[in-house]
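Heads up: the sequence lines are chains W and G, in that order.
Position in the first sequence (from 1) plus 297 gives the number in our numbering.
Position in the second sequence (from 1) plus 44 gives the number in our numbering.
Note that these hints are calculated values from the structure, not bench results.
The structure displayed is predicted, hence computed values, not measured ones.
Be a bit skeptical, because a hint or two may be false.
[Stated by the list, open to error] Below, simulated DSS-like cross-link-like pairs (lysine-lysine); rule was C-alpha separation at most 25 Å, straight line:
hint, chain 1, residue 1, chain 2, residue 2
1, W, Lys448, G, Lys122
2, G, Lys415, G, Lys468
3, W, Lys524, G, Lys278
4, W, Lys564, W, Lys707
5, W, Lys300, G, Lys122
6, G, Lys448, G, Lys415
7, G, Lys487, W, Lys448
8, W, Lys524, G, Lys415
9, G, Lys487, W, Lys335
10, G, Lys512, G, Lys278
11, W, Lys437, G, Lys315
12, G, Lys468, W, Lys521
13, W, Lys457, W, Lys300
14, G, Lys129, W, Lys417
15, W, Lys524, G, Lys512
16, G, Lys487, W, Lys437
17, W, Lys448, G, Lys129
18, G, Lys307, W, Lys437
19, W, Lys694, W, Lys521
20, G, Lys512, W, Lys707
21, G, Lys278, W, Lys694
22, G, Lys307, W, Lys335
23, W, Lys335, G, Lys315
24, W, Lys521, G, Lys315
25, W, Lys437, W, Lys399
26, W, Lys606, W, Lys558
27, G, Lys307, W, Lys521
28, W, Lys521, G, Lys415
29, W, Lys521, G, Lys414
30, G, Lys122, G, Lys148
Given next are the chains, with one letter for each unit.
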Amino acid sequence: MDKVDLATSIVKKAKLRGADECDCLIEMGTEIDIKVRKGEIESIEQSNFCGIGIRFFINRSLGFSFTTDFSEAAIHDAIEQARAFAINGSPDPASGIESYAKPEALEIYDSKIDDTPLAKKIDMALACEQAAYDFDSRIKNTYGASYSDHKVTIVLASDKSEPIGYSATRFDLTCVPVAEQNGEKRMGMWLSTERFLDELEPPPVVGSTAAQRAIQMLGARPIKTQKASVAFDPRTGAEVVENIFASVNGENILKGMSFLKDRRGQKVGTNLATFVDDGKLPRRVGSRPFDAEGIPTRRTICIDKGIVKSYLYDVRSARKAGARSTGNARRGSSSIPSVGANNFYLIPGKASRDEIIANIGNGILITNLLGFGVNITTGDFSRGAEGLWINNGRIIKPVDGITIAGNLLKMLSDIEAVGSDLRFFGRIGSPTFVITEMTIAGD
Amino acid sequence: MKQESLLDPGIVRQSLNAALAQGADFAEVYAERRVTDTVRVEEQVVREASRGLLLGVGIRALNGEEIGYAYTDGIDPKAIVEAAKVAGQIAKQGKSIHPIEVGKVSFAELRSRPRIYPPDFEGAKKIEIARSADDAARSTDRRIREVLAAVIDSDKIITVANSEGTFVTDHQVVISLRIIVIAEQNGLRQRGMKVVSGSIGYEIFDEHDPRSCATEAAHQAIRLLEAQEAPAGKMTLVLGSGRGGVLLHEAIGHGFEGDFIRKRTSIFAGKIGQQVASELCTIIDDGSIPGLRGTINIDDEGTLSQRTILVENGILKSFLYDRLNARLVDARPTGNGRRQSYRFMPTVRMTNTFMLGGSSAVDEIIGSVKKGFYAKRIGGGQVDIASGNFVFEVIEGYLIENGKVGPPVRGANLIGNGAEILKKIDMVGNDFAFDTGGGTCGKAGQLIPVGNGIPTVRISEITVGGTKA
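The shape of chain G in the complex, shown without the other chains (with noise of 0.2 Å):
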């Protein structure tokens, strides 16, 4: 364990006093380093063996919902106090308040404790994890034509103090594997894709072998040569589980997002105790299980990451919150105040989101739909908050023809009403697990990393949107 804070009580405490200075009613300092290295082998080259340096420190000042916000790269003390000192120009009048003093930083408690910090990790065994993955999706197949395999580690130090008394520092560590596969027969091309990555150190590694990534991958690719062109139109889901989880994402999670219920722009705003999903339905944001991508220690506002219960047995629990937002509607964070990099101010972010498994066996919710399509892995989506309307893509599709998996289909897109889409859940598996690879959430022009997860569940209805009318 590794920690160190970035900044010394004085700055912060000269940088708080200059954010408040012309009245604001809080201020934040978050200062962050954060070491990225990336390696891609691509054409059977080492394409990028890069190394970025982030550093930098953002300051905060709110007066009631107004924000004013500042970063500055680099963390020399002048340019930090200048920063806090624009913040701090969105509180034109009101009564100045002193910040709460700042004592000694303490040290985020470790929900993941990763064994192999990146920069531990020598460069050429970077590039050696991308080499062997690209070396062991090629001699899957003859027909696979191009492998594009890249690791991506972040080494990140945090410290976030505000004026009310907090003063915290953290250490995060996010390693993922990317491997995409391109295999060609008669003039076709397709590609297979497999994603590995959590909040853990380069051990995860020994869970995941590189090679096997890429054999999967491989054969992903392969499989898809075959496919035939997806259906439209309306029919029975089964979806697969771990990644599947992004149905959740998209169809309720954007929709908890404190922001969107503070401005009562979500579907779900002021729904609190009504049923919006099926009584087999609990879903859950956790950002402290170790290890997972989207788990983290403290928030990018210094709050603790914890377990929140969006929706138990169908009925609307409770919703994601920031501070900043939290504040104004009288709620308590829940640890969802994150943001890209310094260059950003938070917002109400998800962690990892999933649903509670069930009783069904796969075999069963497989068996008991007699024409349908069966989603084994999922690729992004995208919801739009007002309509509820949200989509996601299949990257691993099959027809399901009297109880049995059918031929593999093409990509296609799976549309759906989150208001909807949860209460036609009627089949829950006993299969739950959490997706190995995770995502990359985007909101407002920032990317998070995210951790998704559920069981193999079946959607009695939903808008399949392939080409085959």
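Here chain W stands alone, though its shape is the one from the complex (with noise of 0.2 Å):
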């Protein structure tokens, strides 16, 4: 059956059921995963995917369920579960459905994903193995290098609007290349990814860039624990960014599980803190028509220039805020809709990365961070990291086995400089900036 009248059909049979409100996405798509090692082929996945999910409302009590079996068996059974979910559970005044218009189409689906044989895939992912290899001759080992694609299409139904849909294509290529210097073993990764395969970086820049950052931190130590200025570059900046956006979830809001909580109109930032979640950027991996639950997508800024301006919310938590949702739904492969970022980042600023460093005095450019630590409910921020330590302005040595630490809100209200160099990793983006100072602890 074709996926409209598919989800149309669920529709009809949950009203039939006694739903009050209801809808239902269905995904279906194709991905393609090579991996490469050592010059030769590790593993190639080519699979297809596909799944329902419906959302059954009984008097605004919510009930869910999702299948990836498209039997008409398995199709009752989710209606009944969701249906018998939504009769256990409790009202919540917030949830529901809300209608849509047709929306507006966004360049998001590249042909060159059908059109491109397997074998050229394959020889993207080797020529990126390849430059990590010619890059130094200290790169003697890899975790490999990969190609991957994901295509995927997406067809909303409810009992409140018109089905809508759009498909969508994704490309990644990553290199993981092992430095080696007398027993010493360093490990460096950069990936690129894009809705378009021309827009990849090059696989020879791919491979060289992750070589670099793996030769960058041979003969690493850890330095005294001491306060200093922290510079991020764009590829951990990403990961502060995400933790600001985890901030400005409308949901963590309501709960109080965020710093940023009652904190709309203040000045929490520098001037240069102007963090914006768009969902319309052309050609973007973030970009969609429409979110999880139809809402068109849109602009918005959160934090502009230093003052909280705007969370962003789902249908259900803008209703609890007496907000409109900024299109920010997203669900899992098989989970109810929450807040997600669309393409969340930091505005960049106009000083290149050189200039940026050449600026610091004493301090670190962050190069990776490790694991967990960072708790956004008192914005207390304790992370692993590794990096290049700057005197006067200059990168002297690697460092690692110093974990950098501070609070999110004091950090917002120290960015004293961004840089011009926005880079995207997946839905985030981050260009190079710089934290006045946080402690290091070290030796």
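Got two chains here, each in a separate frame; can you build the complex from them with the hints?
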């Protein structure tokens, strides 16, 4: 059966079983994942996936079910299960489904995903790894390089609106070489993720960047425990930006789980702290015409020049907060919608990375972060780190075995420089940026 | 006990033949039917009550070191054979072999015998457990602002068949209760957490009362309201028993996984027989202990789970292997080939990883430290396999002053190096305990339930990553 017809028929059946409101989201697609190592193919995976998610409301009580089995019996069971859970649940006045209009089309599908032969995809992964070996003779081993692509079609039907849908593609190129010297091993990692094949960083760039990141860590040692300036490169910066996303996530705000609760309108950061979520950025990985509840995506300024402007919402959290959905509902493969990022990023500044480093007296450029250790409820931040030590504006040595610690609220008000080198890692983007002072724990 | 094969011998034969037709030297069919129920009570309402059915088949074909893999959602015979052909394309040359004919399916010997399987426990009762946890946490203290209580169960049947004659099915159950409590005082908010989980049925709550678990999480959040800044720098560490086993998982466990050993990317590769920990340390991975979160009857390649001694009295004894890596380095599979679902290829993973108890009393260990850090409860961790550097997060920590447990401190990471840290264990407690919560381990994009255990240990020196320099 056609996906649109299937989704529509499921909604109809759910209504017949007594749903006050209901929707059905079908996800279908294909994925290819190629891993190579030491110039040979390690694995090739080619698969088709599909899933149906059903939301069933009775008296504002939600039951949900998900199935990868499209047989008639399985779909029947899924509807009955969702109904049973709705009956056993509790009324949640904020829950429900909103109507939506036909979305605008977005450029998020690259037909090259079908037109490119498998052999060429394999060659891209091989070229990526080879570039790492060629970069430096101390790259003698790798965890491999990989190419993967992913094609998905989403169809959403509800009892409120006409069915809507879109198709999207995604391509990933990753390389993880190991640098070795006198028994010491250092891993480097670099990746490029895009919706369009030709926009991926070329394989030699991904491979040599990964190699460079491994080589630069050879000989790293901890430094003394001290307070100093901390710069994040775009890759590690994106991890901090992701913490900021979690802190403006409307669900976390409502639960009192974010340090940015009750701070709308307050100045919490420097003028350089502007964080935006944008679901309509052309050709970006997080872009999509509508979210997991059918609400059109948009651009939302969350923190503007240091002032908290808006939190991010799905339908339920928006209703609870007395606001409108910002088009941020996301669903995991088998879960109810919750707030997720579209493209969430720190707006870039004007300075180049080199200018930023030159302006640091004493500090560290963080190139790798390890572990958890971020508590968005308190804002406490403590993570394992590696990086390059900067003395009088010059990188002088690699550092590992340290932690960097501070508090996200203090970090926002200590952003003293933001670079022009914005780069996205999946749906989160960051340029290089500098925090005036954090605590470094080492020797 | 309920077991049924997801595949009949006919479809197994057809798909193995299809996977081998182009010259692969090994083929495997893995079918899975997993039902997951999730109940979450948040903001005092049932935020989620859901059922997920994951049903599908993954086919793997090996050609030397090369792997072809394909999966299909659902269990349609035509789609399975099609996926087998796709997986088999990995072998473009080579001679075709014939699979060993599979006989009747065998049932895995049960290590865990759940009494109350998830489908036999009504949805309404699952909601009731989450609600009672919510209620208990809220009535603990006026300062409790929010409670998130989730009951998650997974009821999974797997059937594994391969070209070497394996044809086995297993029924695996995991139940968990996760409670997060937010307390607030003078604008400061803190978080307490308690997780209970095991490969056991709903009788898990006979032993772990949801209300007491919630109260424990609430008390933790309240205690943290008084916490001071954590110190920064090197100091003596006392690591609490049970959950502290995450140290072993990160510091050496991942480095002992056979894929990193075969590829020689682990710092422990080639070190069998060498001293890697203090002689007080004997470290084990064991997937066969009834009831723990990381326990499995068979792994996802059909190998029986087992007890593997990783380190004995400080000496590196052996590594962990799945079939592929064992075959390539001429070792034996240790029942550690695991995968998140049929949508993934199996890789080498830990099960329950723990260190045996020693002779020191806990009071004696804490009493021996003049100035140090007591990490009573820890959260998650991560390791860089190549350098061996690892971190883990402290969620409940205290200063130790003159041999006594002092004031609580706010969360901080601890950082160390796997090759060095276990050599610094100089006291081992007599209070060995498994972590009743267990954890979820992420590797290569796959999440797997694992267990941990450790007695209280003293580590002469580690870097504490607080803010107070």
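Checking one constraint from the list: CA of W/Lys694 to CA of W/Lys521, max 25 Å. Satisfied? holds, 13 Å
Under the criterion that the straight-line Cα-Cα distance not exceed 25 Å, is the pair G/Lys278, W/Lys694 satisfied? Cα-Cα ~21 Å, so holds.
Take a quick look at whether G/Lys468 and W/Lys521 sit within 25 Å of each other, Cα to Cα. holds, 20 Å
Need the status of pair G/Lys487, W/Lys335: alpha-carbon distance at most 25 Å? holds, 21 Å
Taking only the CA atoms, is the gap from W/Lys300 to G/Lys122 under or equal to 25 Å? Within the cut-off at roughly 20 Å; holds.
Does the alpha-carbon distance linking G/Lys122 and G/Lys148 stay inside the 25 Å limit? Since the Cα atoms of G/Lys122 and G/Lys148 sit roughly 22 Å apart, the hinted pair holds (cutoff 25 Å).
Taken at face value, is the distance from the CA of W/Lys417 to the CA of G/Lys129 at most 25 Å? Status holds; Cα separation ~21 Å.
Is W/Lys564 within 25 Å of W/Lys707, Cα to Cα? Roughly 12 Å between the alpha carbons, so the hint for W/Lys564 and W/Lys707 holds.
Please work out if W/Lys335 and G/Lys315 have their alpha carbons no farther apart than 25 Å. Cα-Cα ~23 Å, so holds.
Is W/Lys448 close enough to G/Lys129, meaning Cα to Cα at most 25 Å? holds, 21 Å
Hint check: G/Lys487 vs W/Lys437, CA-CA at most 25 Å. Holds or violated? holds, 23 Å
Does G/Lys122 sit within 25 Å of W/Lys448, going by the straight-line distance between their CA atoms? holds, 22 Å
When the structure is compared with the earlier hints, violations turn up for hints 24, 25, 27 and for no others.
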